[in-house]
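*Asks:* Top to bottom, those sequences are chains A and B.
Residue 3 is where the first sequence starts when you use our numbering, and the numbers rise one by one after that.
Residue 1039 is where the second sequence starts when you use our numbering, and the numbers rise one by one after that.
Where hints are given, some of them may not hold.
With a straight-line cut-off of 25 Å between C-alpha atoms, the simulated DSS-like cross-links for lysine-lysine are [stated by the list, open to error]:
| id | chain 1 | residue 1 | chain 2 | residue 2 |
| --- | --- | --- | --- | --- |
| 1 | B | K1164 | B | K1110 |
| 2 | B | K1193 | A | K34 |
| 3 | A | K36 | B | K1189 |
| 4 | B | K1091 | B | K1164 |
Just so you have them, the derived chain A footprint on chain B, three or more residues with Cβ under 8 Å [stated by the list, open to error]:
| id | stretch |
| --- | --- |
| 5 | 1073 to 1079 |
| 6 | 1167 to 1181 |
Hints listed in this document are in silico derivations from the structure and should not be mistaken for laboratory results.
Just so we're clear, the structure is a prediction, and the values are computed from it rather than from any experiment.
From the three backbone atoms N, C-alpha and C, an ideal C-beta is built for every residue, glycine too.
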Amino acid sequence: MAKIIALAGKGGVGKTTLCSAFVRILGEKYPKAKILAIDADPAVGLSTALGVTVNQTLDDIRREIIDKAASGAGKEAVELLGEVRFRIFDALVETDKFAFLAIGRPEGAGCYCAVNAYLKEVIDMVSRDFDYVVIDGEAGIEQINRRVMEKVTHLFLVTDASRKGIKVVKTIRKVADELVMYEKCVAIVNRVEDMSIVPFIKIEGTDIASIIESDSEHAHNDIMGKTIFELSEDAPVLAGARKALDSFGGCL
Amino acid sequence: MKIYDAQIERVRELFNGIIPKKYEYCKGKCREENTQYEMIFQSDMAYELGANKERAVNLTCVSSNAQLFNDKDEILVYGDDLCEILDASSYARITEVLVKDDLGDDSNPSNMDKLYKIIQDIDFVKYHMYTKGFMIRTSGQSCLEQVRVSKNALKEKVSFEHIGNSFIKRYRDNPNVLHVRIIFVTTANVDFDKLKKEADTAIDIRRSLSMIHNGLPTECGSCEIKDICDEVEGLRELHFGSKENGDYSKKKIEKSPITQAFGRT
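Whenever a hint applies, use it, and build me the whole structure from the sequences.
*Replies:* Structure representation (structure tokens):
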């Protein structure tokens, strides 16, 4: 049974960076484990952080399958599932360390429900084939609300040191308690500019697994177009991500 | 049921002059199966069949014409077997299935539903084959089948004979199935374009059956598979008789309707 790890929180708090750090750390800790990274954020940043090139997204294959089914070809449930199985490999980027899947950005304006519903099914389907699935969630609460993250086993709520970020974490936690079947849920406070405020950071009802100071090395790495794998071992973001994963003890 | 008969004959003609390896069905030589879909990753994979720039075709034909079949189930391999393949290769799997010629009471046109269900059940076997180390990716919409073969499977000397036996065993679980002929193709000497064309025709037949089965409202005048629907409807009349005339007697088909519809021999 795969451990499904998801990161949720307000936009701009560093979810994508932490997600890529988790992929790197899990790969180093469990070199034989099968790891799948899912970029579920339409902002599409995880591929850059992990250094993979995306040719097709889940939304691309969803639309193609639906178009063909609409023309009358293969629209029985088992056929549609077979098509997903078939096409998923077109969207899956395989590296020697991990596999990667991007949800994509639907063309034009409109609601994101269809692709989110599809993502939920895909998570259910592919998670059986992996030891770890790490999901970089969309900012905000939509994917939790829509039960996309229903099967998540380990939920990380990420915030910065702002009141707004902490408020979003509290809201997500409240909804997740009802809609996510998680085993563990903790918070990570990221991008803390001034560590003297740490004693004042409290998130009612949620343990803080890691507080990570603003990481200039990572910022430099990022702007130079380097991936998470090129970051030094002791960079604050990696150390903080390691601490957050360790907070789950032996269960990860 | 003769919907696919002409197609079976045309496909067989594509292999004229090429000598296959032949195996008779042996239940004891099936490849071990997983309980669920096994994803083989590139790192565990020896090679891929029918993927990327290589050609791939999947085609299933169903008939009740015993004259087209031997009295034994068989596996035919055109080209290298799994342990002889060193790198990515073109791939086709063609399955010909002989079914019972008793679709129930011939006076009942609703037996078309039974025919549809039989064809569907046979076709859907491909979605439930979880042979160990032989990961099948199949697209009914595109009549493609691609395979990832694992390094471990090659170490265990997996062969098309094993895989074919597993397929046949699964097809034979269907009580309507009498015989199965399964053909694996890895040689480039076969005309894949023509094979693909036949597979597309098979998809159109399924779509037509589906439309008739589901009674979908269709503007026939503009439908791209009208010819095939007419043909399937024609077969229903020939096979079950004309309801309008009160004549449900089975009539003999002189020449395959597919051959007539497409002008092929």
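*Asks:* Taking the hints in turn, state whether each one holds.
*Replies:* Hint check:
1. B:K1164 with B:K1110: 21 Å, holds
2. B:K1193 with A:K34: 20 Å, holds
3. A:K36 with B:K1189: Between K36 of chain A and K1189 of chain B the Cα gap is close to 17 Å, so the pair holds against 25 Å.
4. B:K1091 with B:K1164: 22 Å, holds
5. 1073 to 1079: Three-residue rule met by the stretch 1073 to 1079 of chain B, so holds; n is 5.
6. 1167 to 1181: holds (count 6)
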